[in-house]
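Protein sequences, first through last, are from chains X and R. With the numbering used here, letter number 55 in the first sequence gets 55, and the count goes up by one each step, no holes. With the numbering used here, letter number 32 in the second sequence gets 32, and the count goes up by one each step, no holes.
Everything labelled a hint here was simulated from the structure, so no lab data went into it. The C-beta atom is built at its ideal place from N, Cα and C for all residues, glycine as well. Honestly, I wouldn't trust all of these hints.
Pulled a few chain R residues facing chain X out of the computed Cβ check, cut under 10 Å [as the list claims (entries may be wrong)]: (1) 26; (2) 29; (3) 49; (4) 57; (5) 58.
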Amino acid sequence: MTSPEEEKHDEFRSEFREALSLLAQVCDEVVRRWYPLPVLVGGAAVEFYTSGDAMTADADFVTPYHDVFEEILPKYGFVFVDRPGRRMRRFRHPSLDLGVEVVSDDLYPGSDPARIRLVRTAGGGRIAIYPVEDVIADRLGQYAEDSRAEMLGQAIQLYQLATELDEAYLETRIRDQTHGDWSLARLKEEAA
Amino acid sequence: MIEITLEEQERRLAQRKAELGLKGRRDHVPANSGTHRTPEKRELLQAIQDAATAQGRVPRFRTS
């Protein structure tokens with residue numbers, strides 16, 4: 001049996017919901033200006049696919065249209081953290097305690113945009129989240145590179161909690177991201 | 001793209017967590033150690049920490 005308080009832990013944290021909802025509004029405005037949706041990657045994507053406490057205080061996005069995204073962020077309460085003019089600028093939201101930055105123009109080569117999750121938030125906004133297969137492969141790729149145990153642990157949790165995995169695609173992404181060091185079979189062994 | 005609502009994702013995860021014996025837990029995902037953060041990322045997280053501290057409160061997300 002779990003207590004009502006523990007059962008709340010099976011829901012997304014309120015601050016995570018608030019963050020996604022606000023970021024979805026920003027992304028919706030990007031689309032209203034006829035640009036493609038930025039894609040949320042990194043720790044926030046891990047939290048979305050696990051409902052664990054994996055998100056640090058920043059949300060990383062991928063979009064080639066930095067200027068459009070960064071022009072919109074202040075309208076939703078985000079403020080510059082550093083001087084304007086840098087190509088990749090950083091923002092924070094003073095009351096949500098959330099940082100936002102664009103970390104790349106493009107997704108990794110081989111990522112399939114059709115696998116991106118388009119998530120509708122409570123406020124009605126939509127936010128694009130990196131495919132779970134890519135997030136797993138990214139974590140394994142980082143583990144293969146520097147042996148950080150938390151990266152392998154995150155990959156295992158993501159794999160175990162995933163409900164709509166495309167295993168053929170996951171296999172390809174794992175091999176790409178780990179330069180052939182890892183396979184889906186090896187991940188399954190680790191997760192067993 | 002594959003469309004889903006936040007509520008549907010929450011429901012699916014709750015079911016999977018129950019099947020895996022993780023029901024009621026939020027600490028099942030190992031947190032980033034932070035050892036590989038870029039200097040720019042560290043600055044961003046420090047700015048968030050400093051702003052919250054100046055307001056006399058703890059940041060709502062982890063900054064360490």
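Hints, verified against the model:
1. 26: With Cβ-Cβ at 4 Å, under 10 Å, it holds.
2. 29: At about 3 Å, which falls below the 10 Å cut-off, the nearest Cβ of chain X leaves the hint on residue 29 (chain R) intact, so it holds.
3. 49: With a minimum Cβ separation of about 8 Å from chain X (threshold 10 Å), the hint on residue 49 (chain R) holds.
4. 57: Hint holds; residue 57 (chain R) Cβ to chain X Cβ min 9 Å, cut 10 Å.
5. 58: This hint holds: residue 58 (chain R) lies near chain X, its Cβ roughly 9 Å from the closest one there, short of 10 Å.
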